Amino acid sequence: MEQREFRQALRNFLHNRPGLRALFYTSLEALVVSFWHIRKELWRIAIAQGRRNLHVLDAGSGMGQYEHFMSSRFPSWNICALDRDEVEVGECNRYFVERKKYRVYFKKADLNEFRQANCFDLVLSVNVLEYMPDDQKILRNFYESLRSEGNLLLAVQSDKALHVQPNFTNKLLGNQEALHRYNALGLKKLLKEMGFVKIKAHYAYGYSGRLSTRLGVRIPKYLLKQSRDWIWVLPLYYLLTYPLILLLNFLDVLFAHWRGSELIVRAVKP
Numbered sequence: 173m174e175q176r177e178f179r180q181a182l183r184n185f186l187h188n189r190p191g192l193r194a195l196f197y198t199s200l201e202a203l204v205v206s207f208w209h210i211r212k213e214l215w216r217i218a219i220a221q222g223r224r225n226l227h228v229l230d231a232g233s234g235m236g237q238y239e240h241f242m243s244s245r246f247p248s249w250n251i252c253a254l255d256r257d258e259v260e261v262g263e264c265n266r267y268f269v270e271r272k273k274y275r276v277y278f279k280k281a282d283l284n285e286f287r288q289a290n291c292f293d294l295v296l297s298v299n300v301l302e303y304m305p306d307d308q309k310i311l312r313n314f315y316e317s318l319r320s321e322g323n324l325l326l327a328v329q330s331d332k333a334l335h336v337q338p339n340f341t342n343k344l345l346g347n348q349e350a351l352h353r354y355n356a357l358g359l360k361k362l363l364k365e366m367g368f369v370k371i372k373a374h375y376a377y378g379y380s381g382r383l384s385t386r387l388g389v390r391i392p393k394y395l396l397k398q399s400r401d402w403i404w405v406l407p408l409y410y411l412l413t414y415p416l417i418l419l420l421n422f423l424d425v426l427f428a429h430w431r432g433s434e435l436i437v438r439a440v441k442p
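Per this note's numbering, residue 173 is the first one in the sequence shown, and the count goes up by one each step.
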């Protein structure tokens, strides 16, 4: 099963099954290393902002996993989620309306063109920027869309990954190749030139995060791409590996890494 077919199969499996979709979101929150890092930064932003009703832009919302987290933990936030996949946008809108989460709205949009001046207190973009040919234009759009004192929170692929064998990695992930890879100093310099201040960056997916990703995401995904029948074995698989995965994710967030597959960046518009 190819990457596109895998995603379509997952979408069909979750269609009109809100309980399974909620379980899927909760599983991603627990299993995906970058989710742990983003969640930590979102809590920091929420604490710093107090009880304000923030206006949030999620640029590249995917299947809506971060909207599920934010709307559950910060129900007063107003969230505009953008994605280029019209079908996924419709599925997510249907789910969140059924859950009576009316402060969340999904919209099809092109990030190259989307710009709403001084509208948002937070712009979140996870694993999107590296696939955009004109990434600097996207960042300028983010800057213009933020209000003064608004936060930008990014997760992008880094150029300091802990490498594995290329063929094995590509087969396991099945993803398209990123157009850009970033390092902390270069991206911080770029953001500073655009006007951002208070720029902080750290690496995610160190040794513990890489192992966690193999156990929690890549191996199950690879098995499902070979045959959908593996889905009946996965509950037992996760029962055995879940405690170790949680520990590895916790360690990845706890310790600083001098290199890693992903870069988490937070900046403020003055």
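Take the hints with a grain of salt, since some may be wrong.
Computed spacing ranges between beta-carbons, pair by pair [claimed, not checked]:
hint	residue 1	residue 2	range
1	L395	T198	34 to 40 Å
2	N250	Y414	31 to 37 Å
3	V405	D257	28 to 34 Å
4	V405	E365	24 to 30 Å
In case anyone wonders, no lab produced these hints; they're calculated from the structure. This one's a predicted model, so the numbers in the text were calculated from it and none came from an experiment. In this text, a Cβ means the ideal position worked out from N, Cα and C, and glycines have one as well.
Can you give the numbers of the hints that this structure goes against, from lowest to highest? Violated: hints 1 and 4.
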